[in-house]
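Number of protein chains: 6
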Amino acid sequence: MNKPTRIFTDVDYEKDGKQIGWLYLPYSTTRSAYGNIAIPATVIRNGDGPSVLLMAGNHGDEFEGQIGLCKLIRTLEPKDIRGRVIVVPGINLPAALASARVSPIDGVNFNRAFPGDPNGTPTYAIAHYVDSVLFPMVEFFLDLHSGGSSLDYMPFVSMRTSGDGALDGRAMAALRAFGAPLGMVWAHTIDAGFAQTAALRHGLVSLGGEFGGGGSVSREGLQIVERGIRRFLVHAGCMPAEALPTEVSRPTRVVEVRNRDYFVLAPDAGLFEPLVALGANVEAGEVCGQVHFVDDPGREPVVARFRASGTVVSQRHLGRVERGDCVAHLATDWNG
Amino acid sequence: MNKPTRIFTDVDYEKDGKQIGWLYLPYSTTRSAYGNIAIPATVIRNGDGPSVLLMAGNHGDEFEGQIGLCKLIRTLEPKDIRGRVIVVPGINLPAALASARVSPIDGVNFNRAFPGDPNGTPTYAIAHYVDSVLFPMVEFFLDLHSGGSSLDYMPFVSMRTSGDGALDGRAMAALRAFGAPLGMVWAHTIDAGFAQTAALRHGLVSLGGEFGGGGSVSREGLQIVERGIRRFLVHAGCMPAEALPTEVSRPTRVVEVRNRDYFVLAPDAGLFEPLVALGANVEAGEVCGQVHFVDDPGREPVVARFRASGTVVSQRHLGRVERGDCVAHLATDWNG
Amino acid sequence: MNKPTRIFTDVDYEKDGKQIGWLYLPYSTTRSAYGNIAIPATVIRNGDGPSVLLMAGNHGDEFEGQIGLCKLIRTLEPKDIRGRVIVVPGINLPAALASARVSPIDGVNFNRAFPGDPNGTPTYAIAHYVDSVLFPMVEFFLDLHSGGSSLDYMPFVSMRTSGDGALDGRAMAALRAFGAPLGMVWAHTIDAGFAQTAALRHGLVSLGGEFGGGGSVSREGLQIVERGIRRFLVHAGCMPAEALPTEVSRPTRVVEVRNRDYFVLAPDAGLFEPLVALGANVEAGEVCGQVHFVDDPGREPVVARFRASGTVVSQRHLGRVERGDCVAHLATDWNG
Amino acid sequence: MNKPTRIFTDVDYEKDGKQIGWLYLPYSTTRSAYGNIAIPATVIRNGDGPSVLLMAGNHGDEFEGQIGLCKLIRTLEPKDIRGRVIVVPGINLPAALASARVSPIDGVNFNRAFPGDPNGTPTYAIAHYVDSVLFPMVEFFLDLHSGGSSLDYMPFVSMRTSGDGALDGRAMAALRAFGAPLGMVWAHTIDAGFAQTAALRHGLVSLGGEFGGGGSVSREGLQIVERGIRRFLVHAGCMPAEALPTEVSRPTRVVEVRNRDYFVLAPDAGLFEPLVALGANVEAGEVCGQVHFVDDPGREPVVARFRASGTVVSQRHLGRVERGDCVAHLATDWNG
Amino acid sequence: MNKPTRIFTDVDYEKDGKQIGWLYLPYSTTRSAYGNIAIPATVIRNGDGPSVLLMAGNHGDEFEGQIGLCKLIRTLEPKDIRGRVIVVPGINLPAALASARVSPIDGVNFNRAFPGDPNGTPTYAIAHYVDSVLFPMVEFFLDLHSGGSSLDYMPFVSMRTSGDGALDGRAMAALRAFGAPLGMVWAHTIDAGFAQTAALRHGLVSLGGEFGGGGSVSREGLQIVERGIRRFLVHAGCMPAEALPTEVSRPTRVVEVRNRDYFVLAPDAGLFEPLVALGANVEAGEVCGQVHFVDDPGREPVVARFRASGTVVSQRHLGRVERGDCVAHLATDWNG
Amino acid sequence: MNKPTRIFTDVDYEKDGKQIGWLYLPYSTTRSAYGNIAIPATVIRNGDGPSVLLMAGNHGDEFEGQIGLCKLIRTLEPKDIRGRVIVVPGINLPAALASARVSPIDGVNFNRAFPGDPNGTPTYAIAHYVDSVLFPMVEFFLDLHSGGSSLDYMPFVSMRTSGDGALDGRAMAALRAFGAPLGMVWAHTIDAGFAQTAALRHGLVSLGGEFGGGGSVSREGLQIVERGIRRFLVHAGCMPAEALPTEVSRPTRVVEVRNRDYFVLAPDAGLFEPLVALGANVEAGEVCGQVHFVDDPGREPVVARFRASGTVVSQRHLGRVERGDCVAHLATDWNG
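Residue numbers (this note's numbering), protein chains in the order written: chain C, 1 to 336; chain R, 337 to 672; chain X, 673 to 1008; chain Z, 1009 to 1344; chain A, 1345 to 1680; chain P, 1681 to 2016.
Simulated from the structure, these hints should not be mistaken for lab results. As the structure is a computational prediction, the values presented were derived from the model and not from experiment. Hints may contain errors.
[To be verified] In silico DSBU-like pairs for lysine-lysine, Cα to Cα no more than 30 Å straight-line:
id, chain 1, residue 1, chain 2, residue 2
1, C, K15, C, K71
2, X, K675, X, K751
3, Z, K1023, R, K339
4, P, K1751, P, K1695
5, X, K675, X, K687
6, C, K15, C, K3
7, C, K3, C, K71
8, P, K1683, P, K1695
9, P, K1683, A, K1347
10, R, K339, X, K743
11, A, K1359, A, K1423
12, R, K407, R, K339
13, Z, K1011, X, K675
14, A, K1347, C, K3
15, P, K1683, C, K3
16, X, K743, X, K687
17, R, K339, R, K351
18, Z, K1011, Z, K1023
Take the sequences, apply the hints, and build the full model.
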């Protein structure tokens, strides 16, 4: 994968100061033969020091990170930091402008597209740029998610295990420094082109997180994001600890998802009525909810049950389901 | 408007017992030359007595009413009532199956389509059936809404003033009997084809209400709906008061929307960050939120302010806005 | 309805000879500000005599009539006739070119659009032209159909009762002259904008017919159409009887559809398995077919039964059904 | 047509000064239950005096007027005028933002939608606002067009005859004052919902014009527009003559389109090769161009000929044609 | 191609008894971040013995196999067999639910997608599962087709030659055992990702077949399918011969398609009139049919001729053609 | 890339005479299971001699080449030449018939698809045929472009440098022989799947060119194309020099594009007003144009400036821009 990117930019990653510019991905269409997708990228640099990549808009319909980074771009000045902070608030811009999880141009989920392809469709080309140009420039990476249109999440910061204990330990330290009430360790997932997995291949201290959902903007989630970003920059060594307001925050409860049984799938298509609340603690076998049939209301609803015990950290937000949709998933205390 | 409906049905509104059937609207398409849209309709009848129409699915992406009525259909038996209860849980079925506010067939908002047209597109033909066939059969009408995909609402039951004081008094009595924590009186809106307005023309005691939003299923809203339906049936005289569980409920706080200044519109297109919480009490001039530009993050956000004082009873749910979208609206105590 | 048509044409209906030209309906779009929909129209005239309108393409996905009239246009010469034959082989041309029942431009079913509207969408404007310009010019009308994409039909010629016994008698004589094996009398249908109903309002001797189906070209149906057209022209007095080949044809069996119970509707959405053959004679209560669920194959199929006795003259062609689709309809001998 | 508009606005037409605001048309959709289409409207007023409406964006893909009015809004100050200038640079905003002739929301051509309908689809509701609210406020009206995506035009200012000689005389004076090299008198067209026709019903001195085409921005056309707007304001009495730069302009050549024979239609679908230049003088019978078949290149091209003599003032811009598209039209000197 | 599948399932292929479950393919979209495509799979097992895979829904618009397998799933019990029968009635479920040949999700033809790709679009991921998980589990494979929306077929069972004479002989024995009136040997086709070709690479005894067409359900074809499945299970050794009803069936006529000249392509776009019947025997040079132009009916039709002699085993079903569509193909007696 | 093409054809490239036939690319869809995309290809051969490939329709919305080659096909006879001329006037036929730059089937830009893939989507399969079948047959290649829907170009013939000085010299000789007023040398572009780059890999003398734009047919550009084709055939040795009319043409001015700074990108989305003319000579820093906001006309326009000096050889044709669209590009005299 040593093919060069086709993306060019008007920011200079090596220059001191603050530059608010764009990444340009050539994209030739009927309405623009020599068109480019213009993705905002900001570089704030003040001499030597750590390099951090802050990213949102991996999924276009997740907004707390996008807003948090827009605010950071306007307020963070070179004098506030040392080293380099690269801020990309809407990395899959076509998806962000469409309020969609996947790009409206190629239908691709950016978070399944790594390591990308410079000659692939736009989502692959953008992933390739992050993987081949941005990741090699930084030591710390923060990828801000929020559940998207279809899911509601208890807000949490997260990390993904890499198999390298030292790296995982540095990530756990960063996760605790971020200061969210809840922290998630993703361990069981197979490699499927995630930005996080790709970042681990580059040896980055890499955090994710889900800070809301339902395609909405959570005021609580946004507050966690805004505080967490600054704590992350302090933890990375880009900002002095004194830059943080003195607040007492509870230690982070760390949980994990152990296997596929933590997920409940819709057993039929219809209207899903949740029968437990987000955040509830449930037992295996307990009823999770039931599917109703508004086009055939005399038909008995079909019940879905939990197959494990734990805390409901995610629920389907949208009322209508297809068979196979995830309607809830659990987490249990991390025994890392 | 004395043109006959083209809708036919396999339920007999005059027969005792419970019939779960369908309304059939002829709809000829390439995939079905002699097709019909089949809309579920249930009639539960037990001799003489009041007639009540319970309806949901006016907007397809509002689910508490749809689920509440599906559950009622399976559990309410003729022996439980006297008179007649007509239950239509998904009146604009094409919209309900598409999780959309407006019909995917004709793009029409059912709640702007009254009094309808039997030879118009499907949404108009369905509205005409409700107006010309169902409304004349009943004395009480309940139309269950929930804010839809785009709005979050504090759950409330509502009525619309008719200009006929006696009828309005009977509606207010029904509204208080429904037992929701909040009640809304809509007064200022001009006639725009609402189901409620049409029902008032028929002299019905008519309630609406918003019981959630965001395209989701609110467990709290569903509970208010399920209790309220049974209280409404008791109030209408279809069920004995003893049928209700003994619960103490707070009296309903009744509010109203006085004019257009209660609404805040998005001043630009972008990502809307709300700066107050749903349910907050605000003053005129206070900041409501601001619009960020993820494609141009260096641009200053554009601020939206409240133009009146009151309680924030509704907020935009979806993060992305176009200029002119309602981002919040207020209500103040009813001085009816 | 005295508004003038906006359609203009390069054929002169009053001139002797054969003119193959077009009707032009102004239709302004982004791709053609001054565009016109060009609908072929042929006039063959030889002095005084009866005037006949032969039309196909009422539904764009019914082809025997379209092909039969294309062949007639190339072979019928003024010297073969007296009077005037107007041939419009693809009246709703946008639908014909899209192989669709309804127009791809406005989604309107031409056979529900009469009497039309000169300022309405294209389908209404074309219907208005037929109603206000062509119908007043002729005494005989033939509208060739074929079941369309969704239905298979036993081929038949048809008429619709007008309430005027003398006119109906003249139509029945024409129907028998057409010489199809089967003839249908449509009586029970309410006025819904049919071309046939509109033609009756103009006092025309008017025939329809279904000559195939499934979106295909039936060789048998095309043969019936080609012979029937010439017999119809002889019957109308436009051609001498000697122009017909001497063939012995069986007398037409005449049937009718008495009421809505002759139709069987799909009781659920899924795959419909027909359990009787087209042309079979069935009894009320007999099984018509059953709906299977390929996404949930363990679910029991849902059975549909005939509600009347008679001959199965039409069956659904397409395998997949939605609830409410007509899956079969019956006819019984006409007792006119 | 005395139904009230549903459009509200934040500009006050009666107030002195310059207000740049919006017209809000309520438009309820799945993505915005309480949404509004926000159409920019500017009012510049300085005491008593004539009232003028300047409008562009009637067709969304015609840009010289849109740009000219955007520039006017930013530069024209109350002190520069007397009376009132209302400027609406993108009246059918959904079409303007989509670069489309017709609205992407309802597919309606704004210039066929007059007098509009307040309860119709958005394009009809906007037309109704112009007709019922704006036209009664003004005495002069300028509606700036440009040929759109599909046509190239020699730039001209235009008027439409009203049947009222005095009014037509005042319009001709305004047309000559506008100072374009070419002026067009449209006489033969039947009423088809044009903004111009509607303006004449209100007795306005009303001008149109085509200032470019091909979906492009003509620098020459824009210059004619910008000069013409100021001359029109002077002619209307809103500005002193001294406000104009002293330039010598040629008198306007005035032409007309006498009948349908001035238009040449594509005789088949394919690639149209024009064989005369825009602006050429041609004779009846001369070849206009020919249609080639790139999918069947051995087929002989089909030739289109002029049916009248005159100057080619308009040609089809886009290479591909459907049968019935206008490929050129002529004009001849006005003999008004 | 040793990448693991991402599909998981709730059936256990190694367990005795009957399990009706689903294959779950993770498919993340805006409407379901953690969604899965749920494809029904049934396993019926009774101890040791042969393993057979029965599949339909390779093309979504071919229904006899889908219905036949749905019926088998509900009626075949473990006690009826020995060994294992895996039944997948709708393998490309998105296509089956859309009545489409190709998947509506990715536009891919499942029968051109082998050996698939676990990280490709859904159709490739499903093909990969069949190739890498199901094929290695079985010795016999039956893939039920039907011509689809566009073609009508004389019903036949088929095999594809592998180049391995012993394997081909076993397939021919199975083909004859299936007992259809007609059998086809596909020899000339190059490898293009067919399920059959992939099965041959795994050494399976593999049959296909076309049992109807036109997007319809053939009662005759379904009967051949239902009988053939049971005969195939007997032949494979899963069922005792006594399980079959005693019926006399004619021996299978075996035919083949020798080269590209057996196919007739539409010579132009328009309405295709077939001039021979399905099942007819024709000579090279004979007219197959002709293309008419309903938008230009005076134009001479374009004739298509057979380029070989043989039996017409397939004809285009749909009336409208594009240049290059197959309108008929022949077969001749197999000289294997 | 030694996989064989799946395209077959009815022309024989080795036979003397003129054959107008088609390339058939198998393309299986719901509407045509055994369909083929039929791309016209003409072979004109007269004994031994040079072989030339003339191609247009690389981009479907560029018409001068398509028309020029259609005319050549009908007029060039074997006796006029020696050797072989292969003419493909609409190579990406689906795009050509859709007037689109990219294929409507797969959204792929043909000129980014080389060397193609025989099993890829149609655009890749066609590119593969050109690369693997046509290029090896010829020594000269001409690929006729025109700017497409979005750009206006000063007409020019072009070549691309190969790194092989001898080959480049032969291309420059051919470029000068073509005789256009302007010639372009493309040097800086990285390999991105261009047809030209692929042709160079085969060692062909290869010319391109842009002969108009805006989705229109330029009469001047077409004249340059028609003359240039014949001069190119003479230069290649297929035609005698005497076959050319004696005309004096100016020598070609040869220019080049040196780097990315020659391109100006739109700095925001809106309406772009060009402030210089096509063909103008400009200085670095000069204003190129400005973006206006018709939905927010009070906002200041955003200015775009040239970053280099040179001649404006290309401008954006369409009025509306997105950020990142190319609005102009420069060229300067070639210092090859």
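Do the hints match the structure? See the list:
Of the supplied pair hints, the one linking K15(C) and K71(C) holds, its CA atoms being roughly 22 Å apart against a limit of 30 Å. Simply put, K675(X) and K751(X) have alpha-carbon atoms about 37 Å apart, too far for the 30 Å limit, and the pair is violated. About 48 Å separates the Cα atoms of K1023(Z) and K339(R), which puts this hinted pair outside 30 Å; it is violated. With a C-alpha separation of about 22 Å, the suggested pairing of K1751(P) with K1695(P) holds against the 30 Å cut-off.
With a C-alpha separation of about 26 Å, the suggested pairing of K675(X) with K687(X) holds against the 30 Å cut-off. Between K15(C) and K3(C), the direct Cα distance comes to roughly 26 Å. Compliance with the 30 Å bound is thereby established for this hinted pair. Taking the CA atoms of K3(C) and K71(C), the gap is near 35 Å; set against the 30 Å cutoff, the hint is violated. About 26 Å separates the Cα atoms of K1683(P) and K1695(P), which keeps this hinted pair within 30 Å; it holds.
For the proposed pair K1683(P) and K1347(A), the alpha carbon gap of about 23 Å is at most 30 Å, so the pair holds. Annotation: proposed proximity of K339(R) to K743(X) is violated, straight-line Cα distance about 43 Å (limit 30 Å). Between K1359(A) and K1423(A) the alpha-carbon distance is near 14 Å, which keeps this suggested pair within the 30 Å criterion. For the hint pairing K407(R) with K339(R), the CA-to-CA distance comes to about 35 Å; that exceeds 30 Å, so the pair is violated.
Note on K1011(Z) and K675(X): the hinted pairing holds, with a Cα-Cα distance of about 23 Å set against a maximum of 30 Å. The straight-line distance between the Cα atoms of K1347(A) and K3(C) is roughly 23 Å, inside the 30 Å bound, and the hint therefore holds. A hinted pair counts as satisfied when its Cα atoms are at most 30 Å apart, and K1683(P) with K3(C) qualifies at roughly 23 Å. Restraint check for K743(X) and K687(X): the C-alpha separation of about 22 Å stays at or below 30 Å, so the hint holds.
Of the pairs offered as hints, the one joining K339(R) and K351(R) holds, with about 26 Å between alpha carbons and a cut-off of 30 Å not exceeded. A distance of roughly 26 Å separates the Cα atoms of K1011(Z) and K1023(Z); the hinted pair therefore holds under the 30 Å criterion.
When each numbered hint is compared with the structure, violations occur for hints 2, 3, 7, 10 and 12.
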